[in-house]
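Based on the sequences and whatever the hints tell you, model everything.
Protein sequence lines correspond, in order, to chains A and B. Just so we're aligned, residue 1 is where the first sequence starts under this note's numbering, counting upward by one. Just so we're aligned, residue 1 is where the second sequence starts under this note's numbering, counting upward by one.
Take these hints with a grain of salt, some might be off.
What the hints assert, rightly or not - Ranges between beta-carbon positions, derived for each pair:
#, chain 1, residue 1, chain 2, residue 2, range
1, A, 177, B, 230, 46 to 54 angstroms
2, B, 58, A, 263, 51 to 59 angstroms
3, B, 55, A, 204, 39 to 47 angstroms
4, A, 263, B, 60, 20 to 28 angstroms
5, B, 55, A, 172, 53 to 61 angstroms
6, B, 55, A, 157, 39 to 47 angstroms
Since the hints were derived computationally from the structure, they do not count as laboratory data. Remember, it's a predicted structure, so these values are computed and weren't measured experimentally. Virtual Cβ for every residue (Gly too), placed ideally from N, Cα, C.
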Amino acid sequence: MMGYRAFFHGKPDAGSSRSKRAGKKSGIELAHERFKFIRLFFVLSIAALLVLLTGFIITLGPLNISVADAYSALLARFWPDYFHVETLTSRVVWNIRFPRIVGGIMAGFGLGICGCVMQAVLKNPLASPFTLGITAGAQFGISIAAVIGVSIFGGPYFIIGNAFVCALFCSLFIIALAAIKGATSENLVLAGIAVNYFFTAISQLLKYFASDEQLRLMTNWGMGDLAAFSWANSRLLLVIFVICFPLLMSKSWDLNIMTAGDEAAKSIGVDAEKTRIFIMIVTSLLVATIVCFMGTIAFVGLVAPHMARMVIGGDHRFLIPASGVLGGLVLMSADAVGMNMIAPTIIPTGIMTSIVGVPFFMYLMMKGKRKEFWT
Amino acid sequence: MMIKLQAKEIIFGYDSNPILENVNFEIAPSRLVTIVGPNGSGKSTLIKCIDRIVSPQGGSILIDRKDVTKMNRMDVARYLSYVPQSSVRIFPTNVFDTILMGRRPHIGWLGSEGDEEKVWEVLRLLNIERLAMSNFNELSGGQQQKVLIARALVQEAEVMLLDEPTSNLDIWHQLDVMNIIRDVVKKREITAIMALHDLNLASTYSDRIIMMKKGRIVAAGNPTSVITAENIASVYRVVAAVRSISDRPMIMPLRQIKG
Ligand SMILES: Nc1ncnc2c1ncn2[C@@H]1O[C@H](COP(=O)(O)OP(=O)(O)OP(=O)(O)O)[C@@H](O)[C@H]1O
Ligand SMILES: [Mg+2]
Chain A
1 MMGYRAFFHG
11 KPDAGSSRSK
21 RAGKKSGIEL
31 AHERFKFIRL
41 FFVLSIAALL
51 VLLTGFIITL
61 GPLNISVADA
71 YSALLARFWP
81 DYFHVETLTS
91 RVVWNIRFPR
101 IVGGIMAGFG
111 LGICGCVMQA
121 VLKNPLASPF
131 TLGITAGAQF
141 GISIAAVIGV
151 SIFGGPYFII
161 GNAFVCALFC
171 SLFIIALAAI
181 KGATSENLVL
191 AGIAVNYFFT
201 AISQLLKYFA
211 SDEQLRLMTN
221 WGMGDLAAFS
231 WANSRLLLVI
241 FVICFPLLMS
251 KSWDLNIMTA
261 GDEAAKSIGV
271 DAEKTRIFIM
281 IVTSLLVATI
291 VCFMGTIAFV
301 GLVAPHMARM
311 VIGGDHRFLI
321 PASGVLGGLV
331 LMSADAVGMN
341 MIAPTIIPTG
351 IMTSIVGVPF
361 FMYLMMKGKR
371 KEFWT
Chain B
1 MMIKLQAKEI
11 IFGYDSNPIL
21 ENVNFEIAPS
31 RLVTIVGPNG
41 SGKSTLIKCI
51 DRIVSPQGGS
61 ILIDRKDVTK
71 MNRMDVARYL
81 SYVPQSSVRI
91 FPTNVFDTIL
101 MGRRPHIGWL
111 GSEGDEEKVW
121 EVLRLLNIER
131 LAMSNFNELS
141 GGQQQKVLIA
151 RALVQEAEVM
161 LLDEPTSNLD
171 IWHQLDVMNI
181 IRDVVKKREI
191 TAIMALHDLN
201 LASTYSDRII
211 MMKKGRIVAA
221 GNPTSVITAE
231 NIASVYRVVA
241 AVRSISDRPM
251 IMPLRQIKG
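Below, the structure is given as structure tokens:
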């Protein structure tokens, strides 16, 4: 293994296969080692940043809590013998502030990884759950479920199931559209906007015919923001994450290859069509669940993968987790700003992410004309 | 004669528009074979059929008597590698990672030092080591072509398919790439099948040449028997002078045959 100094001080001197024979690495090989180190370092450091920022954001709010108290309150749950905090602090941290942060991290993480893999399989830098209308589909599924009546089928599974089916329907529509020759990435996004409007309109229409009870269901599920997140929700969300994340990670190599185009993918042994459908099914499930518990959160899924790509390049083994963590970071920071900027007024999460996301999206659209992103 | 690759009665068309009609050939192991023919004669399509990038509507392709059309894709990738004429990537990827993709049929999720070492070996073989960390999209057309060849080489397949691998290369690099492919064919005892427009290059390097016209094979055999003034007149509609230089026919196109 290289020492730390070697990573940062290896001078690139090309064509030195002489030194190779002497058992030493050439300049370009050192540059490659350095690249791999930075890639790993980046993923680990944003994960560390997430933990640090969690501690900091917990301290924000009307009740004064120090960073040390924040971590103590969190750890006291698991090791009550070692950490002590006042009951009030513990209550505020565990019942009010921390759930919201965890909700933000989970939603941001899920949307980030979904955006990342969708961009890869559709070879479309503008793809994300929101821009392709998949969140709108899930939202529509919730409204339908509420109108049909959850009481008949009972419980959250019916609502999530319905949201999933509708999100999946949107995904398959997008795949079919992408398969048509000449469907450019801009056209896909235009279709996404159309789908967005269509489903939002129908959801609004359903509200007119909904009874009070049905309206309550609709707003409880999916119309909210991070405030709607509770520990009770987290378990199901966690289960779905634990299933979906490894599934997506296991496809890392295939995703790398798919960005080279379907022909190249096939010649290297990757069944492009199957992979695309598989990925869209898994992301539909994730997106549907997130929309059910936390509502529509725009643009995080678009921004996070691009930020990750800028730093660590195209290897999905690192890109997927990095997109997830960055998504979590972006969402939780945006939400913290929204909560505290003009306190006590709380700006809903979705509004904050759109304020950050829209200019970025416009920038990508402009840049897209040059057919190349982040170089 | 031992047979490595055999194509039987291949039929293919895009939307009922016939492109390949009853293509048959057999290729012995450790041979360099070129496919020549006018634009649109079906060379690229034939190569894609062999690699199952498109599925033939009829016929079969056998490697070591095993039918490629019945294998799963990952197995096909262990037998056959493919070098496209060019490739655009939407997202930036460095050359090293692009070539590493070729290891996919052999690699575990983590990847290994051994796989990376193979990439370095091929980079050195093609003399593009210094490009390893460059962005693929920012290379010149010729450099990109070498990277795509490198990706197919690390795939370590027994049959290598190349679609006009020299189309973007200057004459020095044309010879360079052809020499490398010829060496690989001899050393690793693999079979290379390439579509090529340059008849003189084909004549110089090929063990066998297949000449196509309108989706059919019109001549096949060693360079002397295929590269003849008559064949060139009937297939390309060009009058050409053919001379023999170090036992290989070399052509000089003189004029078009009109009408
Ligand atoms: N994707 C496609 N859809 C429909 N027709 C196609 C497609 N690709 C190729 N063709 C048609 O198939 C025929 C053969 O094309 P092919 O690319 O195999 O020719 P080629 O011999 O490789 O030509 P060139 O020397 O120009 O590369 C052409 O008439 C072409 O129009
Ligand atoms: Mg061609």
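| request: Output the numbers, in ascending order, of every earlier hint that fails for this structure. | output: Hints 2, 5 are the ones this structure does not satisfy, whereas the remaining hints hold.
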